[in-house]
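Peer 1: With chain F held as given, fit chain A onto it using these hints.
Number of protein chains: 2
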Amino acid sequence: MVRRDEVRNGEKTVTMPETPDAGVVFIGRIHSPWTDRLTCPRLGRMDGPICRIEIFEPWVDALKGIDEYERLEVLYWLHQSRRDLILQSPKNDGIARGAFSLRSPVRPNPIGTQNVKLVRIEGPNVFVQSLDCLDGTPLLDLKPDRDLFTPIAPRQTGDDETRNAASGDER
Amino acid sequence: MVRRDEVRNGEKTVTMPETPDAGVVFIGRIHSPWTDRLTCPRLGRMDGPICRIEIFEPWVDALKGIDEYERLEVLYWLHQSRRDLILQSPKNDGIARGAFSLRSPVRPNPIGTQNVKLVRIEGPNVFVQSLDCLDGTPLLDLKPDRDLFTPIAPRQTGDDETRNAASGDER
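Residue numbers (our numbering), protein chains in the order written: chain F, 1 to 171; chain A, 1 to 171.
Treat the hints loosely; a few may be bogus.
One copy or two, either will do: identical chains are not told apart, so a pair holds if it fits within one copy or between any two.
Pairs of lysine-lysine, DSS-like flavour, derived with a Cα cap of 25 angstroms [unchecked claim]:
#	residue 1	residue 2
1	12	91
2	117	91
3	64	91
4	12	117
5	64	12
Think of the hints as simulated: they come from the structure by calculation, not from any bench. Since the model is a prediction, treat every value here as computed from it, not as a measurement.
This is chain F alone, in the form it adopts within the complex (with noise of 0.2 angstroms):
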């Protein structure tokens, strides 16, 4: 069972510092079949329930050519997760791993991140498959998927630097 709040054998927790860096705003929602974290899927999958973005204004404009994608990156905010939990427990068997070592939602900045299928698009709502967050949860960012994206601005000199294992170019 995932957990609700509690600390588990073997876990540890660390103080969370009193103010944050930075700022984000939640500039959507995202609307899913599951309301509890204890049926949630802890995957989602491309044959999964259609799941309901709604982008609020006035960002609905940044939706303009996102329709040329297949597929889509999206960023929320998980927001029923506790931040401080660095090694944990996800069977409760007494074996703890990092909190970066593992998909969890319970992370110092709960980000999820999520490649979904775009089914549709109907003026501020995104359709898409393979979403496994909760219903209600905040939107934070929509990408066109990695794989399927190719840079639109002019080539960089970045863009051809390789490791020179000569040179021990680590920084």
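Peer 2: Chain A in isolation, oriented as in the chain F frame:
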């Protein structure tokens, strides 16, 4: 050429909300060869320079187990980007597209995502290839690559839900 901060012909700005809806913390910093947006790659490449992701305390323990994955997903804060440009003209040719149809750093929530190849880990430093962001970019999150990760938590009912075309299961 990528933009500095100009607004181009055909582009459209909006007024950003005065107060954010949630806050992010910078959990680390990315060290890359690129110190100017005018030379940065438009898209990272798997044979690109080795970049160093430095994790700050108290988050270093969250790396535990991350070395099991050959590829990681990196989320970062595009700290030099304006956020209010919802229609953009990447070629500066009068043709404007919506911010959500681009992978431009200029977006309401300037969060970049990239899939990278893990080279090695040394203490709080994660060395990777395929990043394309500026030197000094604040880090938001690290996760295992979606395609390599199998959820560890017990199954949930949502895992098996598929689209039911007959019932019109849209939200």
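Peer 1: Which of the stated hints cannot be reconciled with the structure, identified by number in ascending sequence?
Peer 2: Failing hints, ascending: 2 and 4.
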